[in-house]
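**Q** This is what each chain is made of:
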Amino acid sequence: MSYIELATALVFVVIPLALTLVLRLGLERDIVIATVRSITQLLIIGYILTFVFESDSPIFMLLMILLMIGAATQNIIKKGDGIPGITWMIVLTLVTIETLTMGLMLGLGIIPFEPEKVIPISGMVIGNSMVLSLLFLNKFKDEVERSDDVIELILSLGGTPKVAIDRSLKNAIRTSMIPTVEAQKTMGLVQLPGMMSGLIIGGADPMEAVLYQLLILFLILTTASISATLVGYLAYPRLFNEKMQYIGLTYRKGE
Amino acid sequence: MSIIEFKDVSHQDILHHVSGTFREGRITTFVGPSGAGKTTCLKHINGLLSPDTGTILFKGEDIAEMDILELRKKIGMAFQSAPMIQGTVYDNLNLPKAIFDETLDRDRAAELLHHVDLSEALLDHPVKSLSGGERSRVAIARTFVNKPDVLLLDEITASLDYRTVKEIERLIRKLQQSYGVTVIWITHDLDQARRVSDDMWFLKDGELLAYGDASFIDESDDPVVQRFVRGED
Ligand SMILES: Nc1ncnc2c1ncn2[C@@H]1O[C@H](COP(=O)(O)OP(=O)(O)OP(=O)(O)O)[C@@H](O)[C@H]1O
Ligand SMILES: [Mg+2]
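Just so you know, the protein sequences line up as chains A and B, in that order.
Residues in the first sequence are numbered consecutively from 1, following this note's numbering.
Residues in the second sequence are numbered consecutively from 256, following this note's numbering.
Just so you know, the hints here were simulated from the structure itself, not pulled from any lab data.
Just so we're clear, the structure is a prediction, and the values are computed from it rather than from any experiment.
Hints are not guaranteed to be accurate.
[As the list claims (entries may be wrong)] Computed list of lysine-lysine pairs in DSSO-like fashion (alpha-carbon distance at most 30 Å, straight line): (1) A/Lys-170 <-> B/Lys-352; (2) B/Lys-421 <-> B/Lys-402; (3) B/Lys-459 <-> B/Lys-262; (4) B/Lys-262 <-> B/Lys-352; (5) A/Lys-243 <-> B/Lys-314; (6) A/Lys-78 <-> A/Lys-170; (7) B/Lys-262 <-> B/Lys-329; (8) B/Lys-421 <-> A/Lys-162; (9) B/Lys-329 <-> B/Lys-314; (10) A/Lys-243 <-> B/Lys-352; (11) B/Lys-314 <-> A/Lys-162; (12) B/Lys-459 <-> B/Lys-421; (13) A/Lys-117 <-> A/Lys-170; (14) A/Lys-79 <-> A/Lys-243; (15) B/Lys-262 <-> B/Lys-421; (16) A/Lys-170 <-> B/Lys-383; (17) B/Lys-383 <-> B/Lys-352; (18) B/Lys-383 <-> B/Lys-402; (19) A/Lys-162 <-> B/Lys-383; (20) A/Lys-79 <-> A/Lys-170; (21) B/Lys-402 <-> A/Lys-162; (22) B/Lys-383 <-> B/Lys-421; (23) B/Lys-314 <-> A/Lys-141; (24) A/Lys-162 <-> B/Lys-329; (25) B/Lys-314 <-> B/Lys-262; (26) B/Lys-329 <-> A/Lys-243; (27) A/Lys-78 <-> A/Lys-162; (28) B/Lys-402 <-> B/Lys-429; (29) B/Lys-459 <-> A/Lys-243; (30) A/Lys-243 <-> B/Lys-262; (31) B/Lys-329 <-> B/Lys-429; (32) A/Lys-141 <-> A/Lys-170; (33) B/Lys-402 <-> A/Lys-243; (34) B/Lys-329 <-> A/Lys-170; (35) A/Lys-141 <-> B/Lys-352.
[Unchecked claim] Not close to chain A: a few residues of chain B, all C-beta gaps over 10 Å, as computed: (36) His-272; (37) Thr-310; (38) Leu-312; (39) Arg-361; (40) Ser-374.
Glycine included, C-beta positions come from ideal geometry on N, C-alpha and C.
Go ahead and model the full structure; you've got the sequences and the hints to work with.
**A** Put into structure tokens, the structure is as follows:
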């Protein structure tokens, strides 16, 4: 595809724009902003990737991964309220997951050490870990708010914070993993997964695309389980103080 | 002899300079208007909360210096909402053991149910299916698993019908007399307090305005106490 074809493809932006104007949906501003942002962001990424692939230097590769972790963190800062220090806990989780999965993939020779493989797969791992961490946090906060009376009950019986939070923590880990596991069961039946479609459109052999897609699916299982578990075990002590008292979620004033 | 003593206890802007004692083996009720700080005060006794200033003595020892988990094991607490974990009545009676990786004998579980006038047939019932009165009784039975010296009760009869309320009062009396446990009991219901109390603490706006033998509540000259008794607060 060329830039001229991309410009022609803008017809798919014109259609919803026309629709929102005619029906007065009030979305025209957002649609324009979204279009401009996606074009600039993706083109910039495209240029950076081209540069990194051509330079073939591990330093740029590492910078690229750090950049992705930074962007994911930006996303989290907005949403991770209620637990002090949650931002750095998630950053630590992202770094751990990336190191662990890349270490295993490269160490076991599953993928070659090439930026064309390492960077996109890292992007998927980090993105998924971010989404899962936030999903877990939401479930965890719900669980904790719903069962704070049981948490205090167990403390009152002489249980430690770890024991008191055990059920809430494991319920939250379980429920945040369910969508990942469920999604894999129907994979390929209804729609082709995005990455596989992309590879096939780009001209890759369908079987090759399937193998990579499977790798990603397996990776995402590890990512989901480790993200939820790690964030959970890092975060729960913040709900208690050193006197083994329950302090619960703490929201900033005005919320 | 006093088993617990508050010495000038303040907590945030909720409790102010609370000083008073609880007699061993007696039933002391906490009375006072809603928001007076009764629950907050109760949670200080087993260290679920701590004073910002002041000290609390348990058998003469500052609880801040004690192993808090050991202390909590000796103090049973029944919360107003009678919180239950998912599962059966047995699972809930077993909870105080399960958290230390131990198990409660089914025989002893059945015996505990008998103490609170429930049939052992309930052991395998899911707690979800219990009536409000049965749930309160299970919560009370559960506080006895660790054989506590002190029992803290927070509004345990608030949502029950009169007959059940009277039965639970009788039950607590019986348990107190047969085991000699010290009972500290929050209640909204002044008549209940008159029925069950040896001693009373009267709290208002975070201050302990009067405490001692329960008769003070009807004999006090203090206009604040009198207004509360007349139901004007
Ligand atoms: N965690 C908390 N943080 C801040 N304020 C609190 C907290 N818990 C309770 N309070 C406040 O402290 C005051 C006393 O609360 P407490 O629950 O001890 O009263 P109470 O006498 O038990 O009332 P009630 O009879 O309604 O149960 C109330 O004004 C309450 O809003
Ligand atoms: Mg209360």
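**Q** Straight-line Cα separation of B/Lys-329 and A/Lys-170 no greater than 30 Å?
**A** holds (29 Å)
**Q** Can you confirm whether the C-alpha distance between A/Lys-243 and B/Lys-314 stays at or below 30 Å?
**A** holds (20 Å)
**Q** Can you confirm whether the C-alpha distance between A/Lys-243 and B/Lys-262 stays at or below 30 Å?
**A** holds (20 Å)
**Q** Are B/Lys-383 and B/Lys-352 close enough, with their CA atoms no more than 30 Å apart?
**A** With a Cα-Cα distance of about 21 Å, the restraint between B/Lys-383 and B/Lys-352 holds, given a limit of 30 Å.
**Q** Is B/Lys-421 close enough to B/Lys-402, meaning Cα to Cα at most 30 Å?
**A** The hint holds at about 24 Å.
**Q** Given the hinted pair B/Lys-262 and B/Lys-352, is their alpha-carbon gap at most 30 Å?
**A** violated (33 Å)
**Q** Are A/Lys-162 and B/Lys-383 close enough, with their CA atoms no more than 30 Å apart?
**A** holds (25 Å)
**Q** Need the status of pair B/Lys-314, B/Lys-262: alpha-carbon distance at most 30 Å?
**A** Cα-Cα ~13 Å, so holds.
**Q** Between the alpha carbons of B/Lys-402 and A/Lys-162, is the straight-line distance 30 Å or under?
**A** holds (23 Å)
**Q** Need the status of pair B/Lys-459, B/Lys-421: alpha-carbon distance at most 30 Å?
**A** Within the cut-off at roughly 26 Å; holds.
**Q** Is it true that the CA of A/Lys-162 sits at most 30 Å from the CA of B/Lys-329?
**A** holds (20 Å)
**Q** Since B/Ser-374 was said not to touch the interface, does its Cβ keep a gap of more than 10 Å from each Cβ of chain A?
**A** holds (24 Å)
Checked against the numbered hints above, the structure breaks hints 4, 8, 13, 15, 23 and satisfies the rest.
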